[in-house]
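Sequences listed follow chains A, B, C and D, in order. Be aware that the first sequence starts at 1, since it is given in full-length UniProt numbering, and climbs by one per residue. Be aware that the second sequence starts at 1, since it is given in full-length UniProt numbering, and climbs by one per residue. Be aware that the third sequence starts at 1, since it is given in full-length UniProt numbering, and climbs by one per residue. Be aware that the fourth sequence starts at 1, since it is given in full-length UniProt numbering, and climbs by one per residue.
Calculated from the structure, these hints are not laboratory results. Some hints here could point you the wrong way.
Any copy will do: because identical chains look the same in the list, a pair fits if it lies in one copy or spans two.
[Said to hold, decoys possible] DSS-like mimics (lysine-lysine), calculated; alpha carbons at most 25 Å apart, straight line:
#1 Lys-237 / Lys-158
#2 Lys-383 / Lys-237
#3 Lys-41 / Lys-336
#4 Lys-41 / Lys-3
#5 Lys-62 / Lys-158
#6 Lys-237 / Lys-347
#7 Lys-237 / Lys-435
#8 Lys-3 / Lys-402
Number of protein chains: 4
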Amino acid sequence: MDKNSFTSRPPMGWNSYDYYDTTVNEEQVRANADYMAAHLKEYGWEYVVVDIQWYAYGTGTKRQQYQYIPFSRLEMDEYARLLPDPEKFPSSANGNGFKPLADYIHNLGLKFGIHIMRGIPRVAAHNHSRILGTDITADMIAAPSSICGWNPDMYGLKNEPGAQEYYNSLLKLYAEWGVDYIKCDDICNTNLYANNPYSARHEIEMLHHAIKISGRPIVLSLSPGPALIEQAWHYEKYANMWRITDDFWDSWPLLLNMFERCELWQNHVTKGCYPDCDMLPLGLVGKGFEAERVTNFTREEQITMMTLWCIFRSPLMLGAELTMMDEWTLSLITNKQVLAMLSEEHKAVQVTRNKDYAVWFSRNQETNECYVALFNFRDEKSKVMTSLDECGYYRYKDVNLKEVPARELWTGKEVRIVDGNLTDEIEKHGAALFKLN
Amino acid sequence: MDKNSFTSRPPMGWNSYDYYDTTVNEEQVRANADYMAAHLKEYGWEYVVVDIQWYAYGTGTKRQQYQYIPFSRLEMDEYARLLPDPEKFPSSANGNGFKPLADYIHNLGLKFGIHIMRGIPRVAAHNHSRILGTDITADMIAAPSSICGWNPDMYGLKNEPGAQEYYNSLLKLYAEWGVDYIKCDDICNTNLYANNPYSARHEIEMLHHAIKISGRPIVLSLSPGPALIEQAWHYEKYANMWRITDDFWDSWPLLLNMFERCELWQNHVTKGCYPDCDMLPLGLVGKGFEAERVTNFTREEQITMMTLWCIFRSPLMLGAELTMMDEWTLSLITNKQVLAMLSEEHKAVQVTRNKDYAVWFSRNQETNECYVALFNFRDEKSKVMTSLDECGYYRYKDVNLKEVPARELWTGKEVRIVDGNLTDEIEKHGAALFKLN
Amino acid sequence: MDKNSFTSRPPMGWNSYDYYDTTVNEEQVRANADYMAAHLKEYGWEYVVVDIQWYAYGTGTKRQQYQYIPFSRLEMDEYARLLPDPEKFPSSANGNGFKPLADYIHNLGLKFGIHIMRGIPRVAAHNHSRILGTDITADMIAAPSSICGWNPDMYGLKNEPGAQEYYNSLLKLYAEWGVDYIKCDDICNTNLYANNPYSARHEIEMLHHAIKISGRPIVLSLSPGPALIEQAWHYEKYANMWRITDDFWDSWPLLLNMFERCELWQNHVTKGCYPDCDMLPLGLVGKGFEAERVTNFTREEQITMMTLWCIFRSPLMLGAELTMMDEWTLSLITNKQVLAMLSEEHKAVQVTRNKDYAVWFSRNQETNECYVALFNFRDEKSKVMTSLDECGYYRYKDVNLKEVPARELWTGKEVRIVDGNLTDEIEKHGAALFKLN
Amino acid sequence: MDKNSFTSRPPMGWNSYDYYDTTVNEEQVRANADYMAAHLKEYGWEYVVVDIQWYAYGTGTKRQQYQYIPFSRLEMDEYARLLPDPEKFPSSANGNGFKPLADYIHNLGLKFGIHIMRGIPRVAAHNHSRILGTDITADMIAAPSSICGWNPDMYGLKNEPGAQEYYNSLLKLYAEWGVDYIKCDDICNTNLYANNPYSARHEIEMLHHAIKISGRPIVLSLSPGPALIEQAWHYEKYANMWRITDDFWDSWPLLLNMFERCELWQNHVTKGCYPDCDMLPLGLVGKGFEAERVTNFTREEQITMMTLWCIFRSPLMLGAELTMMDEWTLSLITNKQVLAMLSEEHKAVQVTRNKDYAVWFSRNQETNECYVALFNFRDEKSKVMTSLDECGYYRYKDVNLKEVPARELWTGKEVRIVDGNLTDEIEKHGAALFKLN
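Hey, can you work out the whole structure from these sequences and the hints?
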């Protein structure tokens, strides 16, 4: 089983975090899945992902004080495997786990994903719980000094006998449930350990092997970022996605900063390997954080975000509450010509970047179709220019072309690029994306 | 109660760690205390300190695998306060705690000290134990991401209501037992947090206040090192001793390195404030580490160590098993003329240091008695020179003195310092300590 | 000659930099010296210091582009020793150097200081100039990769034969001129070399030895800061003053930051050894920088600055143009009771510091007179409190005193401190300084 | 002119440094070129590169003291452009520059390269030399604080008017001479500036533009390493080669370390863009360093080096004195089947790496030919294993193949890979390279 075959283009889907934080429940997940099946599936959107602490009781009840209530009650089986909190996920009761919900989602023609924290529940280590199919107990494999800096639930695992077996037991269960996607947290960058941020390297390998053993093609997504560029080879060998930033939210400085990160990771986007720009905080977000709002991004900034994520070929995970999405946002995420750049045949490169603007170029290596994206970083409407020569266009096309017709994919505007000079007036923080004929 | 009055000179005593690791028991402590009372007390040695994990069952039983067995059984009262393991400390049974042992030691005319880890037992946080005299429970004050990098027993405390009360409850108990000295660990440098090694700053303050509230003059000693020079003011305000190195053992590179540390901290030695060079690994050490041995230091290196610790005015804590100490070692630690430099009136300064040698100068500010120590760092017998001018001697003495008589305090050798030039041939890694008349 | 005897208290004086930048001329220096002799000398102010590039032609003529014009003409003798630019210092012509100016200042009962850059003029290295009294040429001792990051005039010196001789030749000349104070720059922290900021360690030692050889008690002041706390011992052994900050100017964040630096260095203030808070940007400043202005500090901030500098015992160097100083500023720098804290007998300690306020305590160890300074860091008028117990007052005084009378030294206000509690309402960014009877 | 078209595969050639240091002369260069034309050209070797200080007089005459004699005489024209020292390069006299030597090399069917330091000669800045075709003088564009940490000849250029013109004037001259390759030093990593190691970013861009303006396809090679992975995009846009290590020499630890660097840079090898493993210290090296020797590498280590450089597609620059090369070394660098992996169609990936061994896989994307390299890092003969599955072989081949025949390219040994398992016994520090049929 080749993990690079699990997904031939960057995964597209919905994730519960940006709207619900730790509080999402089964009904809400189903409603969002229903919406996706009805309105988004045809555009390629397919993953429905339940984010953090689905296993914890009382999530969100002390939100002013804690995002994650320390030392609180977790639903768990006798083998130290966390199970869905039946109060939030009623169908999971009686040992059903996420199977009923996964089935529901599969029946909609979609895929099902869950978030996990690396490691084993702390309480299982203190209780010496047994690992499935072994005589090893949790205290023997839990690393007492390997914790997450922001979530109190787990201990990391030692690189010792029993640890692989524990991850195997997890993936066995997840495969039984029908999980298609795992977002594992506190693993891509274990930033509590400033001198050793890749301290969970062996746990990434164990998860990869456990997936292989499970026999189910489960996409492995690693969080949080920023991923470590020096470990690029390792991510590429063992995972499908890895976050290249810390949590991304609807703030212009964070979006601007993503250009630096995409510049850094652009050579690492290949089939089965997707540096991840994080979720798209579009539409309605923030409710579980006690800050429900329409995204703070302007429409221009949203176009910039979608253009960058697509030309870079980042995974696309919607942070919005889908059921309350407006028409404009819907149009933004269902632009087939833009989404086309995500396909396996595309290869993109940053042409230039400075404090005022950036230019990217993408080419479909099979069809030889070319795209140029112009981004305006300035706080006012500004001209952004590039040349097809600088883009490397003539490496693939006739250098004697005097005029190249092109279409802007967000507006449909038709232009002619004369002598290779492409210029456009772009709104504050906005973008233009040209497909060259 | 002024913490600087708790001890007018650097504490001198014995600590169980270097010989026993985690395994010391009551009988062994009493035997060492008996020896101290009989042979060392008259020279100023007075503290008997029980080091780490006196509260843990089965210490040392898995020594090849663990120094501290993770998730093992700890003796604890209902208020999350650790108690002596009655298997190791029989007199502590029935809620007596360390009182019987402390009484025994006090009756010998000595003082009693214990080691603690900062924070609250992890298991108490998971069990939501109540804090004495409050409605607060351990899960509310335990900081789930504040742990020790090398010992699995505790969570650090948040800087929030209830935390001070917990430390107060500890100190109340220790004062009842008759504790005179606390060596608190994982607090001086919380090195797991490379970007925030002083993360337990508030816990130092809480311990200081708890001691004040207890009404008992308990010396507060902070470990591990290296202490942070930028926090010197804070250590000086709240503690009596702080370790300026990581664990010190019987290795020449570590001893050589201590000269750099003493250079750094020399201006911070004042009454009640003692930068700490760590224990003296003399005589027989290492049994609990499964490496019982006579100290690896040569006699010359031991003289160097004693000379530096005394002239710098470090606390002196014997790491040896006292009951098996040889005559030579006994003579080393009972040289009254050398130990005299520890007294409050002395002020010392490094005169010079390079890769080959160092010179220190000490003066009794009341009697105007002066001392010069010469240290040879080379791997062969070598001359070390200085001048009384460079030592600053003539700031306090008649500059016209042509000859100054002096006595070497380890050998008794009498010399005359002519024209201010002091030279001596010193053995490899050895030292000479002159008292000038 | 003991360098600690060169100045028994922190040097007080005037420096040309804050007002004139590189442009000060002889007439201006004399005018400021005249003012000092007439109005300030009786309060202890005595040094008149000519700051940077007195040897360079055309200083200030390209100020918009350069502070220091690269590769410009420098006045120099045949031995690679820089001489005053005779256009700025006419009396220096004909080989007189600074002797006439120094004589003038000495005749006023004052002392004369100059600024130098470490090393040897770059042009002398390229020209292979000979070093006085040797066959060594400048190219042999100039370190081609040891430069200043912000001034283009010099190469640092290698730690090799000839370098000490060059510094000796400089100090010989300066002693002949009658220089009393050298502010050597690019030496305290060679910050261009981020991995080796103490790269000029050997040049500090060479300057010290050259002063000793010169036979003249010349105060050695090292810039720029921040000085390296790990090198405290070395500064103390070889220099009289060292800057504990980068350039200080009339900005509240810089002043606030100085409290952190004084906390760090407080144990290092002793006779002949003065951590240096940098010049006092009072009165009229900035002309040479093309930004002439009255200091941006409010009166309260100026009081805070003077109180901190004096209780900490920093050197005091006036940055103002003296001849245009207003009455209020004059009163600020001539408060004898405040300046009294600078004397050798005083020892100060920070009592507390947090984001809102700080408290310092000073005691005259001979007279047992005590002072308490309260500082308000908040942006509004606020109460600041301390207790005499926390200050350590009762270590030296009768603990049973119920009432301690005190006088605020800036306002003359008389207060009574009852039960050891000292509270005052202090203006935004202001200070109160109490002398306790 | 597209710089990626200058060279469609990694440049192969000879560089004077490893054997001659700074001392190489015209006769020696010609002799090595003659050898290359006669024996190596047919295998793809073509560049003849004169390394550092061809413009300096007396190079090597003070070798015990200096590699680069500071402040020594440099041959230069009136426009601050360095010219060959006519004592070393007689044909360059009378303003001929390197043209005669370049012509000679071109006539052999080879290409000619030179080493330069970034920036402008220091002496020209001090002399205010004029820049060709402008009224700007060298002092106006030289950055007085931008120097090389190890070579004393140059100042870096400011990012200001005149700087581009200076580089243009250089490239104009080099194009006139017929230079085909420039190795620019102190530019890839300006490591003196630890906080700003990419401080010469603008000078890289200026060189690129100057080459473009010159109209000659001159390969731009940047030194020294390690290149900064965060700047990968910038190197790829403006240069052809960039050193991924500091100077590489014939030492096993350095060779072992190269595997880590190749892992890091493997995704950045594309047409016109070549991360550079540095010169091959083969055969006879070290004469100019006063350490003439046959390479310290064992034959196995040499095979490891050649295998890694070729499969990674590093530029290949021979450090040996060619005229004295032995047969075995000649065979090593003329293995056509190994060198074939350098071609544009190949794409390689590290399969695995740990402390004991590494595996690489390369595929010709046009012919679908595959290669597997096994490397043994251990200090004894050891088995190294991989599977074709792990190599990703079945992404391109029929997964049902039970047996794959293969040939080891250094020995000619034929093997059959059964069930995808490839194992070989490999000598200490050696390698095996299989071509799969």
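A quick look at each hint next to the structure:
1. Lys-237 / Lys-158: within (21 Å within a copy, 40 Å between copies)
2. Lys-383 / Lys-237: Only across copies: Lys-383 and Lys-237 sit 23 Å apart there, 41 Å inside one copy, limit 25 Å.
3. Lys-41 / Lys-336: within (12 Å within a copy, 52 Å between copies)
4. Lys-41 / Lys-3: within (23 Å within a copy, 44 Å between copies)
5. Lys-62 / Lys-158: between (32 Å within a copy, 17 Å between copies)
6. Lys-237 / Lys-347: both (20 Å within a copy, 16 Å between copies)
7. Lys-237 / Lys-435: between (33 Å within a copy, 23 Å between copies)
8. Lys-3 / Lys-402: So Lys-3 and Lys-402 pass the 25 Å test across copies only (22 Å; inside, 45 Å).
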